[in-house]
Each structure stands twice: as C-alpha cells, then as structure tokens.
Amino acid sequence: MARDNDPMPQSFEYDVLIIGSGAAGLTVALNLPEHLRVCVVSKADISSGATLWAQGGIAAVLDDQDSTENHITDTLNAGAGLCHEDAVRFTVEHGRESIDWLIDSGVDFTRDDDAQYHLTREGGHSHRRIIHAADATGHAVSTTLTSQAQARPNIELMSGRVAVDLITNRKLALPGNRCVGAYILNLKDNHVELFRARFTVIATGGASKAYRYTTNPDGASGDGIAMAWRAGCRVANMEFNQFHPTCLYHPHAKSFLITEAVRGEGGLLKLPDGSRFMDRFDERGELAPRDIVARAIDHEMKRLGADHLLLDISHKPADFIKHHFPTIYEKCLGFGIDITREPIPVVPAAHYTCGGIMSDERARTDINQLYVVGEAAFTGLHGANRMASNSLLECLVYGRAAAADIARREADIPSPPQAPDWDESQVRDSDEDVVISHNWDELRHFMWDYVGIVRTTKRLQRAKHRVDLLSAEIGEFYSNYRVTNDLLELRNLVTVSDLIICSALQRRESRGLHYTLDYPGLLNEARDTVLVPTTYRTLSP
Numbered sequence: 001m002a003r004d005n006d007p008m009p010q011s012f013e014y015d016v017l018i019i020g021s022g023a024a025g026l027t028v029a030l031n032l033p034e035h036l037r038v039c040v041v042s043k044a045d046i047s048s049g050a051t052l053w054a055q056g057g058i059a060a061v062l063d064d065q066d067s068t069e070n071h072i073t074d075t076l077n078a079g080a081g082l083c084h085e086d087a088v089r090f091t092v093e094h095g096r097e098s099i100d101w102l103i104d105s106g107v108d109f110t111r112d113d114d115a116q117y118h119l120t121r122e123g124g125h126s127h128r129r130i131i132h133a134a135d136a137t138g139h140a141v142s143t144t145l146t147s148q149a150q151a152r153p154n155i156e157l158m159s160g161r162v163a164v165d166l167i168t169n170r171k172l173a174l175p176g177n178r179c180v181g182a183y184i185l186n187l188k189d190n191h192v193e194l195f196r197a198r199f200t201v202i203a204t205g206g207a208s209k210a211y212r213y214t215t216n217p218d219g220a221s222g223d224g225i226a227m228a229w230r231a232g233c234r235v236a237n238m239e240f241n242q243f244h245p246t247c248l249y250h251p252h253a254k255s256f257l258i259t260e261a262v263r264g265e266g267g268l269l270k271l272p273d274g275s276r277f278m279d280r281f282d283e284r285g286e287l288a289p290r291d292i293v294a295r296a297i298d299h300e301m302k303r304l305g306a307d308h309l310l311l312d313i314s315h316k317p318a319d320f321i322k323h324h325f326p327t328i329y330e331k332c333l334g335f336g337i338d339i340t341r342e343p344i345p346v347v348p349a350a351h352y353t354c355g356g357i358m359s360d361e362r363a364r365t366d367i368n369q370l371y372v373v374g375e376a377a378f379t380g381l382h383g384a385n386r387m388a389s390n391s392l393l394e395c396l397v398y399g400r401a402a403a404a405d406i407a408r409r410e411a412d413i414p415s416p417p418q419a420p421d422w423d424e425s426q427v428r429d430s431d432e433d434v435v436i437s438h439n440w441d442e443l444r445h446f447m448w449d450y451v452g453i454v455r456t457t458k459r460l461q462r463a464k465h466r467v468d469l470l471s472a473e474i475g476e477f478y479s480n481y482r483v484t485n486d487l488l489e490l491r492n493l494v495t496v497s498d499l500i501i502c503s504a505l506q507r508r509e510s511r512g513l514h515y516t517l518d519y520p521g522l523l524n525e526a527r528d529t530v531l532v533p534t535t536y537r538t539l540s541p
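Heads up: the sequence shown begins at 1 in full-length UniProt numbering, then just goes up one per residue.
There could be a bad hint or two in this list.
[To be verified] Cross-link-like lysine to aspartate or glutamate pairs, in silico, DMTMM-like; alpha carbons within 20 Å at most:
1) K270 to D307
2) K458 to D518
3) K188 to E424
4) K458 to E424
5) K302 to D449
6) K270 to E300
7) K254 to D273
8) K331 to E342
9) K302 to D279
10) K302 to D273
11) K254 to E330
12) K316 to E265
13) K464 to D441
14) K171 to E424
15) K188 to D45
16) K322 to D112
17) K254 to D338
18) K316 to E330
19) K171 to D423
20) K188 to E156
21) K464 to D449
22) K322 to E342
23) K302 to D518
What the hints contain is simulated information worked out from the structure, not anything from laboratory work.
Hey, can you work out the whole structure from these sequences and the hints?
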C-alpha cells in the first residue's frame, strides 16, 4: 500500500535505453548517432561493473607475427568444439578496428621500450596478442568510456537504478513481439519508474554471484538474463560457468583476481610444498586453458585437503613484477604478501558466464528491438570455455554491431506505446528481510557445493530440488512485498541458477567447463544446450 508523503514515481522516454554501464553498454552508447536520445542506467556508480575490475587485457591480432586464423584457431580449440565458427571469425576480424576505436577514444595502453604497444600472452593463446594497460586494463577502459559518455549531450547516465522487468507488447496485451522499455527501481527513493524506449539494450553482465566464491563485483546477479527469460527469450549453454583458477586467498581480500597474465609472464603454480603440478595435467602447463587449470587446482586442493595453492612469480626480477603488475603488487603488499619475494596464495572462484541470452551477430534477441551485449549474451563465441581476454573484445565488437544496427533501423521504428506505471498499491514493506538473507546464503552455498567445478547427477538433482523450493518461496515474497534491490537480485539469481542446473542436467558428457563424474567422456557430436520459455519468437529479420 502507498505510504504517506511518498513522491510520485517518474516516467521517462528515450530512443535507446541501455541497462548496464560496463564496456558493453558504453560501447553501444558511444557508437550511436548523436541525434538519438540515449539513457544508460547502472545499479551503482556508472563505472562499477565487472569491466572496472578486468586486469589482463583485450585479445586482438595486432602483431605481424600473428594472424586472424591463429586467433580463430586458438579460440575454437579453447571452446572444446562448441564455438560457432562464424561468431568467432566475426569477432576476431573486427578486433583491430575495435582496439583502434579505444585508442582513438583515449585509452592509454602500455607501451614497451621502443614505444610499441606491449602485448602479453595468456592461457590458450599461441601468440602474444593481449593489449593491456599495465594490470588494470578494465579500469583504463571503464574510466575512459565513462568520461566520453559524460561529455556527450545526447547520453544521460543514471546511477543507483536496478531493472525490475522488461516491458513488451505481450505484457501490454498489444499485437507484435516488441520490447518497449523496462520498469526500473530507483534506489534513492525506492520507487519503481517507467522507462519507455524505441530500443532496449541489455548489458548487465553475468551471474557469477550465484556462487559462494566469485571474482565478480556485487552486481553480477544475472539480472538481464533472468529478465529476458521471463520476457520470452531463449537462453543457451548456461551450464558453462568459468571458474578463474587464481583468486587471491586471504580472509580480508574480497573477490580479488590474480590476472592470467601473471602465468603468461612466467608465473608458476605450486603445491604447498613448493613443487609444480600442472605438467601432470596438461602439456601446456600453466598456460593451459582456464577450465583445465581450475580443475587441476581443485583436484589438488581436495587431494591434499588444502585450503589454497600457490602462484609464484618471485623468480622474475622485482622491477619487472612491479612494472607489469603494479595493482597486484600493491594489493598483495597491503595484505603482507610481497610477490617479488614469495608466492601468492590462490583458489579458484566463479568468474564468467559463458552462456546467456541467444543473439545474432547484430546483437539482436528473440524479441524485436531488444538487444543484448557482453557477458549476458550467448553469441557462440566462447563455446564450452571462454579463452582469456576474449570477453572485453566481445563487448567492443558486438557493442559496435548493435549500435550500427540500431542506427540502420531507427528511422523505421515508431515511438513506444503508452504503458502503465508500476502498481505497488497492493504490496507492503517487508518485515521479514531475514528470509531474503537466509535464502541468499543457502543459494550461493549449494550452487558452490553442487554445481561447481566438478559435478555429479545426484548433486545437480539436489540443487534442483532446493532451487525449486526457493523459487516458490521468493515468488510468494515478491507478490506481497515492496521490491528492494536485495529481493530483485535474489529473484534473478534463483532464476539463473535454475537455468544453470537444468542446462547441466541436460548435458550428459564432460566438455569444457562442464565436468561431471557420471559422464567423464565426450559425446561424438557437440551440441548447444538451448532452453526455451513457454512462448518465444524467432529472430527478427
């Protein structure tokens, strides 16, 4: 029920509504024609998404000794037979122009002694092709693009807003299969606002917050994937959750990732006794793809009963370490770990959602005028395992593709229809927030224990039983109480966790990031796991 003296919720109309302010969302915004009115909404600060925390860099063919075919082959190999070759080729072939756009936008990438851009190498890559800004590439990209967006008069940046649900013609009982905006919670006054738009872009990132241990920021709760699923979009390959092999293990270090570039520059993984072990698991050793390295670390930790293993680069010169990894050096030093003299304690952590909302090479979804870019999308690029530093590349390439498609079509798309304001007349403030916090903890614990790096059918079935109970409980809670950020994130995480579990139960083999003890071998044919809502439409022409 309405509270006395509550302000009236606002409504807005734009040409393009972009939900998410990381590299994907800002790339779309900055590549749109400047006569379009654009709004970018963000949960927290505009530059608070996963992009900000990306350390390693962006993979692209920038060296004469490299080639697009090499990058394509490496990506296909890492993807364990499930990459869509057309998507891989499209992404790689548009890599250099995307990097050039970032450079033109002002991103200051690291140069070597002869003033050439320094390229590093990471797991799965056959050549040095990772362009970076020291070990804080995401920070450089995020702050630069945010500054560019702030300077554009046609772009409005709104922070402190959480998307609740998409608005479609179907929800408005209108003909056609069109997205016309979204309901969005304003965290400043806790009212839901109406945002109508001719085009809507989901750029909300992944869902690694479903797991107890993650390298992701707090906002990675799968909001866009869950909203699109509820609206009628197909999702694919949600069972492929990438666990980054090396997250800093320290009681006071929250979600701090140790970039793959540390291993690319010679860092060695070691057991507590100081001995190496990766050569027993893969001939590429520390430079094997992430799924192999994460499973190896998980195996050795369980075998030894260890709570962490070690990543050692102290054999390199101290000046080299401080120059290439200044952020990691300072962060670890703050916890009493001098990485120029001693190894870094590390554990695997949930890092990247390889599946997502199905889209084409123009970033279009199953619903007209609804686009998806970045980690929330399933483009076919990553297959069963994302290769290091292909993620920011995907954000750039598909962000620019989405903007180009909107520019091509915008003259033909009419204004969005009228839509009702959010109705909160039948709900009340919750006096049972302990239910949300308890359910939140339960979800993240059983997802880590049952749907983690190594799975079994019995574990997945137990997880499915628990997620069904949580879904019913949260559905009742959502229907009766005023929405809050915690409730919305929990609702979305339960939806996405259910999608992950259902996808994992359907895959009766071990491929890439999905490893199950019940089906350790590969099937002869590699197939995507596609989940279909009750009703959906095919991609628009």
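Here is how each hint holds up against the structure:
no.	hint	verdict
1	K270 to D307	13 Å, holds
2	K458 to D518	9 Å, holds
3	K188 to E424	17 Å, holds
4	K458 to E424	41 Å, violated
5	K302 to D449	13 Å, holds
6	K270 to E300	10 Å, holds
7	K254 to D273	26 Å, violated
8	K331 to E342	14 Å, holds
9	K302 to D279	18 Å, holds
10	K302 to D273	15 Å, holds
11	K254 to E330	15 Å, holds
12	K316 to E265	9 Å, holds
13	K464 to D441	16 Å, holds
14	K171 to E424	17 Å, holds
15	K188 to D45	13 Å, holds
16	K322 to D112	15 Å, holds
17	K254 to D338	18 Å, holds
18	K316 to E330	17 Å, holds
19	K171 to D423	14 Å, holds
20	K188 to E156	17 Å, holds
21	K464 to D449	13 Å, holds
22	K322 to E342	14 Å, holds
23	K302 to D518	18 Å, holds
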